[in-house]
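Spelled out from the first residue to the last, the chains are:
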Amino acid sequence: MLKIRNVNTYYGAIHAIHDIDVEVNEGEIVSVIGANGAGKSTLMKTIMGIVKPKTGTVEFMGEDITSASTAKIVKNGIVYVPEGRYIFPDLSVADNLMMGAYSQRFSAKELNDLMEEMYEMFPRLRERKKQLGGTLSGGEQQMLAIARGMMSRPKLIMFDEPSLGLAPIIVSEVFDTILKIKEEMQIPIVLVEQNAYKALSISNRCYILENGKVTLSGESAKLINDDNVRKAYLAG
Amino acid sequence: MKNLRTSKAISIAAVLIVALIVPQLGFNDYIMTIFVQGLLYSIIVLGLNFITGMTGQMNLGNAAVFGLGAYTAALSTTKLGISPWLAMILVALMGWLIGLVLGYPSLRVKGVYLTLTTIAFNEIVRLCLQNMEWTGGVGGVRSIPRFHIFGFLINTPVRNYYFILIILVFVIFITYRIIHSKYGRAFIAVRDNVDAVETCGIKLSRIKVQAFTLSTIYGAIAGGLYASFMGYVSPTTFTMNLSMSFAVMLIIGGRCSIAGCIIGAFVISFAPELLRFLGTYYQFTYALIIMLALIFNPNGLVALGPKIKHLFVKIFHKAEA
Numbered sequence: 001m002l003k004i005r006n007v008n009t010y011y012g013a014i015h016a017i018h019d020i021d022v023e024v025n026e027g028e029i030v031s032v033i034g035a036n037g038a039g040k041s042t043l044m045k046t047i048m049g050i051v052k053p054k055t056g057t058v059e060f061m062g063e064d065i066t067s068a069s070t071a072k073i074v075k076n077g078i079v080y081v082p083e084g085r086y087i088f089p090d091l092s093v094a095d096n097l098m099m100g101a102y103s104q105r106f107s108a109k110e111l112n113d114l115m116e117e118m119y120e121m122f123p124r125l126r127e128r129k130k131q132l133g134g135t136l137s138g139g140e141q142q143m144l145a146i147a148r149g150m151m152s153r154p155k156l157i158m159f160d161e162p163s164l165g166l167a168p169i170i171v172s173e174v175f176d177t178i179l180k181i182k183e184e185m186q187i188p189i190v191l192v193e194q195n196a197y198k199a200l201s202i203s204n205r206c207y208i209l210e211n212g213k214v215t216l217s218g219e220s221a222k223l224i225n226d227d228n229v230r231k232a233y234l235a236g
Numbered sequence: 001m002k003n004l005r006t007s008k009a010i011s012i013a014a015v016l017i018v019a020l021i022v023p024q025l026g027f028n029d030y031i032m033t034i035f036v037q038g039l040l041y042s043i044i045v046l047g048l049n050f051i052t053g054m055t056g057q058m059n060l061g062n063a064a065v066f067g068l069g070a071y072t073a074a075l076s077t078t079k080l081g082i083s084p085w086l087a088m089i090l091v092a093l094m095g096w097l098i099g100l101v102l103g104y105p106s107l108r109v110k111g112v113y114l115t116l117t118t119i120a121f122n123e124i125v126r127l128c129l130q131n132m133e134w135t136g137g138v139g140g141v142r143s144i145p146r147f148h149i150f151g152f153l154i155n156t157p158v159r160n161y162y163f164i165l166i167i168l169v170f171v172i173f174i175t176y177r178i179i180h181s182k183y184g185r186a187f188i189a190v191r192d193n194v195d196a197v198e199t200c201g202i203k204l205s206r207i208k209v210q211a212f213t214l215s216t217i218y219g220a221i222a223g224g225l226y227a228s229f230m231g232y233v234s235p236t237t238f239t240m241n242l243s244m245s246f247a248v249m250l251i252i253g254g255r256c257s258i259a260g261c262i263i264g265a266f267v268i269s270f271a272p273e274l275l276r277f278l279g280t281y282y283q284f285t286y287a288l289i290i291m292l293a294l295i296f297n298p299n300g301l302v303a304l305g306p307k308i309k310h311l312f313v314k315i316f317h318k319a320e321a
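Taken in order, these protein sequences are the chains called L and R.
Position one of the first sequence corresponds to residue 1 (our numbering), numbered consecutively onward.
Position one of the second sequence corresponds to residue 1 (our numbering), numbered consecutively onward.
The reader is advised that the hints may include incorrect statements.
[As the list claims (entries may be wrong)] Reference excerpt, derived from the structure (chain R facing chain L, CB under 7 angstroms, subset only): (1) 123; (2) 183; (3) 185; (4) 189; (5) 193; (6) 194.
Hint data in this document are derived by calculation from the structure and do not stem from the laboratory.
Ideal Cβ placement from N, Cα and C applies to all residues, glycine included.
Use the sequences and the hints to build the structure in full.
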């Protein structure tokens, strides 16, 4: 579904990611783990067209999107839920959701149904739909960011560190939601995480990034028992 | 919810009735002229609200847009001899053109750089209008024809007042629709969180230019109406000071609020009259009031309403106890 081949991305003279090959297939959760500065967010931004790779290609559903604009990529069906809960604090919860559907031409009824679907999935958002986004708690803002991403009926969702700065119980809730999106809605997911254990335990496959290179990849169930991975990322 | 809607409808009706009665209260032509100015400035500030209030991009070139609108109407009616109505179409086109031509390059830069670009634009336009021969130089353009409507000549301040009031009501209606559309949401989203806007699949540059173009169209239309209302235009009107005043109107009244824009436009238009008794201390007092207002009431005069209500409720409760 999503194929990234030989991608090299630079920030000025800094070579942020080296010759990366990543593939995402239908119906799977693919996790990308690595330390700070390993190039995880750069990889996401390259896929979204926020930064352009110097060499290599990004292909989505058979179409080359390497040099497409972010707006076009979102329209094509890839949604990116950035780290740090990028919501709109001065817009109401309902308006925040509506912003997610901006790129698609939905009718008023489709839009209404979609909102209803989101409120079913996230009942807390229904309770707070008139409240400003900025008044929500951290966990609720993360839920809002996820729901907003879902509003464009994406074909692939990428989560950038959804557990960042959340209490452990909320982290579990967020991961349950991600699993639900994959299982009930059949939407494949790319999950970028520092919380390696959580990421490995819910994903099908995993890529491990170090200094901008993929050093290890394979089935998550195998990686979680790999000695090197355990030492480096799972603290023994 | 229903109560809120009826109370809103009642207050809108009340304001409209007051607006219709104003010219019957026996104000002299001078005061009526300031009322008309308030109406015209309301249109500009409603436009400025899109780019500065909602989208959060400081624009200090609006007097130049106002001026270009006024000169488009003035020159096309006096030199080409077309009717003021037809001229208004040219004026709107002019506003659209300024939005596109100035918007694409200038909105690539942010913050102070954008502010400086718009200030430069303001000065360039003013100097051009002042020094070019075909714009009439410092003397400007005189004997600009008035509007004709159903056999009425819109020539007195009172007639202009009603004429521009109708246009303002129409503009308010359109503004309301835009604010509550997906574009309105996107404008606020740009101010709120630029990075998240792109991940929603929105082209940042396009949405900014749209907001900017709306503001220039509004500004130019107000300019076109101004030219016909005054009967003459001169480059000395369209200074940076006026641009600053528009920004002050927006912020003192309350950004992102239609009522705020209009209150701000009227309060600042009448400020020189209300503070006239201060004589040479006027400028000083005016600046002081604005500074204090920004510190203690940063959300504008519209935010005072709920505050006063709250105060009354508090006093009432105390009296009861």
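(message) Interface hint check: residue 193 (chain R), Cβ to nearest Cβ on chain L, cutoff 7 angstroms. Holds or violated?
(response) holds, 5 angstroms
(message) Checking hints one by one. Is residue 189 (chain R) an interface residue toward chain L, by the C-beta closer than 7 angstroms rule?
(response) holds, 5 angstroms
(request) Against chain L, run the beta carbon of residue 185 (chain R) and see if the smallest gap drops under 7 angstroms. (result) holds, 5 angstroms
(request) Closer than 7 angstroms between Cβ atoms is the bar; does residue 194 (chain R) clear it against chain L? Give me holds or violated. (result) With Cβ-Cβ at 10 angstroms, over 7 angstroms, it is violated.
(request) Report holds or violated for the interface hint on residue 183 (chain R), using the least CB-CB distance to chain L and a cut-off of 7 angstroms. (result) violated, 9 angstroms
(request) Closer than 7 angstroms between Cβ atoms is the bar; does residue 123 (chain R) clear it against chain L? Give me holds or violated. (result) violated, 33 angstroms
Hints 1, 2, 6, counting from the list given before, are not met by this structure.
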